[in-house]
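Undergrad: Next come the chains, spelled out residue by residue.
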Amino acid sequence: MFRAGALGLVLLAGWMVYLDAVVTSRFEGRRFEVPSRVYARPLELYDGASVSAGSLVRELELSGYRPGDGVRAGTYQRNGGRFVISTRGFLFPDGEEARRRLSLVVSGDRVSSFSVLAGPSAAIVRLEPARIGGIYPAHREDRVLVQLEEVPELLPLGLMAVEDRRFYDHFGVAPLSIARAMLANIKAGGIVQGGSTLTQQLVKNFFLSREQTLVRKGNEALMSILLELHYDKDDILETYLNEVYLGQAGTRSIHGFGLASQFYFGESLKDLAPHQLALLIGMVKGPSYYNPRRHPERATSRRNLVLDEMAEAGLLAEPELAKQKSRPLGVSAKPSFTENRYPAYIDLVHRHLARDYQQEDLQSEGLRIFTTLDPAVQHASETAVSKTLPKLANADELEAALVVTAKDTGEVLALVGGKDPQFAGFNRAVDAHRPMGSLIKPFVYLTALEQPDRYTLITPVKDQAFTLEFDDGRLWQPKNFDKEERGEVPLHLALSKSYNLPAVRVGLDIGIPNVQQTLRDFGVTTPISDYPSMLLGSVSLAPVDVAQLYQGLATGGFNTPLRTIREVTDADNEPLSRYNLKVDQVADPAAVHLVQYAMQETMQEGTGRSAYYTLPGQLTLAGKTGTTDDGRDAWFAGFSGDLLAVAWVGRDDNGPTVLTGASGALPVWSSMMSQIPQHGFSPVMPDGVQYHWVDAEAQALTGEGCANARLVPFITGSEPVMSTDCNGNIGRQIRSWFEGLFQ
Amino acid sequence: MIKVTSIRFAPLALALALAGCASGPGGGSIYVPMGGGEPSRAPEPPRTAEPEQNSEREPEPRVWRKSEEPAVSEPEQPSRTPSYRESGDALPAAAVTLIRDADQRLQQGDSAGAISSLERAQRIAPRSAEVYFKLAEAYVAGDNLGAAEQFTLKGLSLAGNNSSLQRSGWLLLADIRRARGNVAGASQAEDRARAL
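Protein sequences, first through last, are from chains P and R. Anchor point for the first sequence: position 733 equals 1216 in the working numbering, and the numbering is continuous, going up by one each time. Anchor point for the second sequence: position 58 equals 62 in the working numbering, and the numbering is continuous, going up by one each time.
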């Protein structure tokens, strides 16, 4: 008997050692997980820096600065346009930015009188970057981890009042509660009551089993005791808050109060009202049974029960109790999975990380991810989408996407994936692959203009209907948008007015394979149709892909890969990877310059001119509208000196709209542009280009003052040989005649 | 080894180009603050107002319908002809500071650090040929001649009619091409430099 007892004890001890190992490793794995931190780009301050006072304030607040005396680190003082800022310093991947006190003036949306009042002197200083989100790579999903000291006090107190009143006193199990529960269970002839402590519930959550057998419960009780031996109460409570199961979204489990707060209310845990906290606490008992979206009545009575318990425990005073009980559930219509302020942007960061990172790199925790997000441009983009869309016709059906990049660096500054920018759902900027329509035309004409002996900006092209007959007998009859025909138009006008017939004619003349090659050179990686309809943009691309294509046009023929990440370091600031600026010349800068000319004309006289309803006339721009059949897609892609942006507006069901690129997408684009101070577009004339005054109708050089005169760039040698006077009298140009003579 | 000797004069040429080209903000491009208008030269009078009105301004696009497409009322008149210019932006002082920092890092053999500084400079002065030539130099030091060649080409596309910049660029390109074994390309670039 004694022996059997001793053997039993040894076995039990061995079993305990095993359970101890299991439960501690699980606990450690959860407890010490540090999320990767994602940062916006740091704001650079220097004399001449482009920033408005309003966006400087917003930027400071995003980085956690408070208005104050400007002397204590992390405070700033503002007096009109004059700022004094005390930075906290920051360890950047390329070195430390010291703590400094800065003085500067913002006037005309520019920094001036920049000086360092205290700290190492510098002509240019980076503010600490704003934290814009966390990525929890080990889970391959977002978790919103909370710390005990940052959650509202009512949450742990209310939780204890309802689930485990003696949490701080027991040693992991509460025999009295268990006895009470057992009694109830025996009476009922089955398990109807839990009696588990929070520690036991946590252990149960670790192993994700709802099965309730006696052996299981015994193991849980043992593990709970072991857990309590290793860790203090606060650690256990905090892990509980982050671990408890609170719902299901498809295949995805909602764990922890932080994520549940986002999922049910779309709000941060720290901002929840008592009745919202009470609902979450109540749901611990049965997240699916008390699901407030599916069973609002059950959820409400459960919530009110929790509120009563809170009041009974002295956590809520009577008048407050009544008030809280009278509130509606306040659950958001759409579930949100993230606390990230910029869900679409962070989504793209995720994809770039997944593309370039091995899983084991992502598993290393506490990464620091330095992104290229510009909070001011992101703010402008979100405002542009959410304020413009409702003003368009049949707004309810419409969706939108907007991508903004820095023109010369390829850095993605802002991304909006839908009309509700805060909503983490279908990311249209990345995933909506739509026919590009007339956005393809600059590439058709670029392919033509790369052959200056055949095409110049003033080459007359036929604007006349025609019919193509395919081998299988099908017919294709392209038409202009306005169904008109103009006989003949100069090439630059065909592009700036976006006529279809000339584009198809030029494309067929230059050859579809050559146009396809141009598109591939500029970054199209998906298969491109061989049918002539590709010349009118049957190629489907997502807005970010269009931004990538247009980057090459905006930079004079240099492909610049789009980036959302500058650098990733580990927690100790050791660089893991760097995403450097790359440029790759893919087209003759001279030919691209000619296309840029026509794209500027688009904004001045062509399909993009309504941009200047919103934008100041001095802001020189280049761009292109795109509209697909029945207005299913409204596109606008264009650039200033600093920014390149692509806007798309359409319906998720691909239905028709009454919109065009100019009436649907351009207003969004212009609205964003109007909120950012920036430089106008004025390309440097590349090698091998000359400007001449020409009379396109006469196909001849002419005098500057003549009525039909237009200053047009030509690839050297392709300018007209003839010249005309203001009256249209053609004569051979003397200079070129002499040049011919002596060559 | 060939590489080291063959690019010996490029930094010198650039140092010359850099001297005296530090300029005011914008470096030549036309800056348009929100709402347009010339940036005021004098600092704003001290105010204690809330964040600027125009920064919080909500744009009010009209509702356009297809039937209105041919604009009835003309928008604000933009400049009449497409814009271009003869030369790129001059370097603002902050960019010059970063380039000097990059030079120091290069001297210490830290080409990755130099590239970091130069990328900061490039974000501030993305239309200055010098920044790209410097990036090319840093990539030569980091033994990435392919990238170096591309950055030189990009710099050349912004050199415009500035013949000393053009000359620096073509000579740099010739050195890089020779180091890559592209003799014909190198002498072509040298011819271009000589023709200036």
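It is possible that some hints are incorrect.
Taking lysine to aspartate or glutamate and the DMTMM-like style, the derived pairs with C-alpha atoms no more than 25 Å apart in a straight line are [claimed, not checked]:
| no. | chain 1 | residue 1 | chain 2 | residue 2 |
| --- | --- | --- | --- | --- |
| 1 | P | 806 | P | 795 |
| 2 | P | 874 | P | 1135 |
| 3 | P | 817 | P | 715 |
| 4 | P | 1065 | R | 107 |
| 5 | P | 980 | P | 1112 |
| 6 | P | 753 | P | 880 |
| 7 | P | 945 | P | 646 |
| 8 | P | 1065 | R | 105 |
| 9 | P | 870 | R | 107 |
| 10 | P | 768 | P | 792 |
| 11 | P | 874 | P | 1202 |
| 12 | P | 716 | R | 105 |
Cβ-Cβ distance ranges computed for the label pairs, FRET-style [to be verified]:
| no. | chain 1 | residue 1 | chain 2 | residue 2 | range |
| --- | --- | --- | --- | --- | --- |
| 13 | R | 90 | P | 992 | 41 to 47 Å |
| 14 | R | 185 | P | 934 | 53 to 59 Å |
| 15 | R | 90 | P | 1057 | 30 to 36 Å |
| 16 | P | 1174 | R | 195 | 23 to 29 Å |
It is worth saying that the hints were derived from the structure and are not from the lab. For each residue, glycine too, the CB sits at the ideal point set by N, CA and C.
Undergrad: Looking back at the hints listed earlier, which ones does the structure fail to meet?
TA: Hint check: 3, 6, 7, 9, 11, 12, 13, 14, 15 fail, others pass.
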